[in-house]
Each structure stands twice: as C-alpha cells, then as structure tokens.
Amino acid sequence: MPDSCKGLSLRSFTTTKGQTLYISAILRVGAMVMYISTMTLAQQAEQDSSLRDEVEHLKAVVEGLQESSTEYQGIVEQLRKIKISGYMQTQFRWTDVNGTLSPFSGGNFPTNSNKVFQVRRGRIKINYDNVLTQFVLQFDAVPAGFSIKDAFLSITDPWMQSFGLQIGVFDRPFGYEISFSSNMREAPERSRMFQTLFPGERDLGAKLFFAPQLGDLTWLRADVGIFNGTGANANEFDSFKDVIGRVGAQFPFEDIGAEIDVGVSGYFGNVRNNTKYLWETGEVFPGVRGFVVDSALSNLGDGVARRYMGVDAQFYYDVPYIGGLALRAEYITGKQPGGSELIAATASSGRSQTTVSPASQPTGPLYLRKFAGWYVNLVQNIGNAHQVMAKYDVYDPNTEVGKGELFESSNLSAADLKYSTLGFGYAYHWDGNIKFILYYEIVKNETVTPVSGTSATLSPYFKDVRDNVLTFRIQYRFPF
Amino acid sequence: MNKLLLTAVVGVFVWTSIYAQEKITVKGSDTMVILAQRWAERYMSANKNVVIQVTGGGSGTGISALINGTTDICNSSRPMKPAERDKLKQRFGTRGIEIKCAQDGLSIYVHESNPVTELTLPQIKDIYTGKITNWKDVGGPNERIVLYSRENNSGTYVYFKDNVLNGDDFAATAQNMPGTASVVNAVAKDKNGIGYGGAAYGKGIRELKVRKDASSQAYAPTRETITSGVYPISRYLFMYIKNRPTGIMKEYIDWILGDEGQSVVNEVGYFPIR
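Sequence lines, in order, name chains A and B. Okay, so the first sequence: first residue is 408 according to our numbering, each after it adds one. Okay, so the second sequence: first residue is 2 according to our numbering, each after it adds one.
These aren't lab readings, by the way, just hints derived from the structure by calculation.
Lysine-lysine pairs mimicking DSS-like chemistry, simulated, CA-CA at most 25 Å apart:
{"hint": "1", "chain 1": "A", "residue 1": "K777", "chain 2": "A", "residue 2": "K683"}
{"hint": "2", "chain 1": "A", "residue 1": "K466", "chain 2": "B", "residue 2": "K190"}
{"hint": "3", "chain 1": "B", "residue 1": "K88", "chain 2": "A", "residue 2": "K488"}
{"hint": "4", "chain 1": "B", "residue 1": "K82", "chain 2": "A", "residue 2": "K488"}
{"hint": "5", "chain 1": "B", "residue 1": "K88", "chain 2": "A", "residue 2": "K490"}
{"hint": "6", "chain 1": "A", "residue 1": "K532", "chain 2": "B", "residue 2": "K88"}
Going by beta-carbon spacing under 8 Å, a handful of chain A positions derived as facing chain B:
{"hint": "7", "residue": "F587"}
{"hint": "8", "residue": "T625"}
{"hint": "9", "residue": "D725"}
{"hint": "10", "residue": "G730"}
{"hint": "11", "residue": "V786"}
Cβ coordinates follow ideal geometry from the N, Cα and C atoms, glycine included.
Using the sequences and the accompanying hints, generate a full structural model.
And the structure:
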C-alpha cells in the first residue's frame, strides 16, 4: 500500500471517540429521516389512494344524484302538468218578502225567510294539461249537494295545432255567456234566457273545434258538436241528438285600444214527445190566442223541434285614464218545447208549467213555444281593483202571445210570462284571490189581466211580484 | 287654527309630491329578465322617484300575473295566445297592449369541444324529441346526446316547442333548467350536452349554425341574420300591459323604445327593434 494511501486510510478510519459518536448520531438521524420519509411517502401514497377512492366514490354519488335528479325532473315535469284550481262563492241574499220564488237570481227563498246565507258555488278543477291533449274534471261541492260540472278530454292536432276534438261533459258551444266563467263574471248569475234554455250550461257530447293559437287566423274560432240534449246529467231519454255550434270572430282596432268580437250560434235538436198531444200557439177562440192541441197519434214518440239561433257581440274599449269598458250583448230566438209537470200523460188539455229545457223525459204533453231573449251588459273597470256594472235582460218565453192576452182559459200559464231584469252593482278585487260583489236586481214580470176564477198560481201576476234581490258575494279563487 | 291646518295640508302635499315614489312591477320571461333589470337600473338611476321591481318566472307566469292584476308589465318571449287574451278581456275589458321591444334569435348551444358546427331544424327536432340520441348521427362523436331544456312555464320553452318541435313533446330525458343561464352553464360543463336559449346568454359555449332544412343555407345567430329574419329561429320579445300607458308608465315605455332603452338591448346582447 503506498504511503499516501496509508495516510488516507488512517485519516479516514482513525477517529476519536467523540467523532465516532457524532457520526453515529448523524447516521441515526439520517436513518430516522429516511425512515420517516419512507413512512410519510407510504402514508401519502396511502392517503392519495384513499383520496382517490373517496373521489371515485363521490363521483359515483354525484353521477347517481344526477341520474336521480334527471328521474325526479321527469316526475316533476309530469306533476307540473297537473293544474288544480278552484273557487268558492259565499253570499248573502236579501229579497222583498218571505218565500220569494227567485230561481234565476240564485235560488228560491225559504217560505218564512227573505234573507239567506248561501254557498253558491264551491268548485275544484283538476286539469292535466299536456299541451295538445287535456284531461279536465271539475266538481261543485256545496251544502246543497255535490255534482260533476266538467268531465272531458280534449285532443288538438299536432300539425297545425288548430283543430281538435273534445268529448265528455262540457259547456255547450252556444253564444258567449255560457262559457263566461262564473268566477270572472260580474253579475252573480247568467241571464234568465240562458238559465232557461241551457240549465247548467253543460251537456254530454262531443265537439270539433277550430281554434288556432298561432298564425294569421287567431281571430277566428269555430265549434260544432253533437250532444244528448239533456244537460250535464246522464239521463238521456231518447235517440234524438242535438247539434250545437258557434262561429266567432274578433276584430281588433289596436290604434284606438278597442276590439269587437262577434259570434253566430245555432241549436238544432229535438225533444221526444211521450204522449200524442202537442200543444202549439193558435186561435183558441176567434180572435183569442192561446195553446191548441194536436192529437195525432203520430205525435207519440215523435221529436218536437228544439231550434235556437243566436247572435252575440262584445265591444271592448280602453277608456283613457279610467280603464277597460266592456259592452256585451246577445240575442236568441227560436222554438222551445216545454214539459208539463202537473199534467198526466193521458190528458188532452192543461197548461204547461215550465219552459226550462227538460233534463229527463217529460211525462205529459209537450208545449211548443216561439221565444226570444236578449241582454245588454255594461262593465266599466276603474283602475285595477274596481268595477261598476249594469245589465238588462229580457226573456219572452212565448212571443206569439202578447201583453193582455194571457188567460188560463186559453191554456196559458205563468210559464208564458215575459220577464225583464235590470241589475246593477259594484265589484271590488281585494287581490288576485278575493273579490267582493254587491249587486241589486229589479225583476219585472209581465202582468196578467185580472179575471175572476184565475188560479192561485197565476193570480199573483195581476201585478208585478215583489221579487227584487240584493246579493252580497265574496269569492275566493285560487291560484291567482 | 285654520292657517295651521292649511299649512299642514300644503306641507304634506309638497312632501308627497317631492318624495313619493311611483312603483312599476314587471314580471315574466326569464329570457328577458336581465334585459328588464338593466332597463330598470338605468331608468331608476336617472329617475329617483321611480321604483321598478323586476322578477322572472316565465312568460306564462307573467301573462297570468297580468290577467290577475298582480303586475303592471308582463315580459313575454312569445305572443299572447287568444285564450289568454280572452281572459284579459273578461277581467279588465281590454285586449291589452302588445309592445315589441327587442328581437332575439334562439341559439342552439353545444360544448365548445363538440365538432358539430351546424344542424337543420328537422335534426334539432329529432334530437329533442328523442329520435336522434347519439352525436354520431349528426356528424359528431359516438357519444350519447344529453338534452337540456327549459321549464314549461317559460316562453322560450313554448316558442321552441311550437316552432322547432312543431308541438311534439320533448324527450323524457330532457333536463329542464330554471333559466337560460342554467342551460348555458350545464352545456358548458357537459361535452355531450345540447341546449337552447336566447343569444344574450351565449357566452362561454359554442352556438351552432342552423339550416331551415337540408337544402337551405346555414346561418349563425347574428344581428344581421336575426334582424333580417333569415336565421330560422328568431323571434320578437314583447312587453304586455293592460291599458294604454299614461303617466310614469308611458314615460318608462317610451324610454325603453327610445335610443337609450334600445342601446341597453344591444348591450345585453339582443337586437333593437329599430
């Protein structure tokens, strides 16, 4: 070994005790650091792996949530198509005398009362609106009873989205006032002619409609349908089906903030005669008009014509600084077969007791009348919340018998009396839900010439019957 | 005593004249909500006595609010339907006033990495009705198409359904987002996503060119193509009010239709009507 090397070797390996301890300490620290580093790295790797697992897990959870969210969105979307709405009309009515017969002003009064509280309407409507198809069910639940008002389905064509079919129980497509919802209408009740000719407004049947929502023909709407003709109940009693239709058009005048809407309606139906007797207006005695009977055997089971023609018009004008003005008018004329409630099927003579369209087979003879009715309704909005209104409606159930010609000896009855009703009132919209209506109706009947021997049912009409009605109504509607 | 009373009355009158604030409520289209907010902010900053409250909720919600008297102005990204107008006439005796206040092109958004650059209207319809479910069928990658749509109270939803889907139902897999901004955000995060909405929201994602049909020219939703009507999915944005405007309402609407209001339309990314 060269000296130089020896020297080095000696310098390298010959150490003092202190130096040995020092080196040993450094080596121990180094080993510890290495150990700790190795441990830390191992721990880090473990943590990283754990973190990765956790991230993977969370990713799976998020994906799962996304899938659930998509599924729930689908469910929510379906649920959003279900629309539930409703309204309740509670009211207090006050008339002149106890026991007033007031069937067209909200109902008759009890024998010993001229003031009543009422729940006039309590409606719940469920509508599944799938845009081009609809399911509608509406109930009316009031203390007087429970009934189904609407139950129909509707399908609109997917190509033009203009033509459609509606089938079930729904408003008859005639005139304007039938489809003017009670919760929007200002007067508490519809006109006497509508309550007489279309009691309950609805009927069972099917209709086709043309109602474009987009494009150049949105001003036009046409409906035509075929119905049982017995109203909303299911008491169909004959094979005669009634055809009802309306064509309406809207003419806006945007420059002056006005619009005129017009419509023409027709009703072509029949009511089965359960007897061989058909009473029609003619000369009972020379120069005296009344009901005369046709007793041909062929009348039994035959259909007696129920024919209406109607025109309606609505004028809207935005009165500057005040609010919208609506002037609505309607006229209907035609032939109405009326039943006789008190006359037996075999009777050849007697008097009709009602001109209201029959909901079931009239058991007695039928009475065919020519009628006419009309109304004019003016509503002025004042700002957002206030409305003042006036309405005048006339219904003459028998236009062939004039004033002063109504005698029981001519087989005429109280059902042939002409009525006019002047109503006026005020409505206050508290908010989107609540509306208050105060409305007063002056009801005038045609008077009958006093003749001795007149029955108790007709003698009250020697003068105008005291049957004016004041109605105070509070309505709650939901949603807005 | 009388002098004191007179002074008090005059004082109250003067105070209310100076400090009374007039309030206008605006409700409706989510597509228009940013535009309406900008209008309101700009107008209120120059007219301290006016408070304009803007909320969204969708065109249908806005129209319902107008019919029920709970809003003064309804914003709508679609025209009012005849049935809705009938309700307005029944309740207020007026047909309402329709004001066209801006133009918009309905953009089709995809993720910026998506190689698809254009679609035809029939392809968009097939995608959204679920007939086409893979991007490869329209020239893209072999990936599932993820549909982003709007809620059914939105005017954009109704417009898209009526004018692009021709009334057909959306595929059940379409995810309904509460606003166009949400659609954009969702598509920006989803490389397989497709969405639709106002051009104003189109930042950060790519808007496709649209052809009316396979033989037509493809157009991007630009100011020129939208205002000229050649872009196949363009529309007006509307404001509806019940009555002819007077007072502060008239001033506000005149301002919107004037130079300053229409410049806001530009700033927000829609297109002025004049």
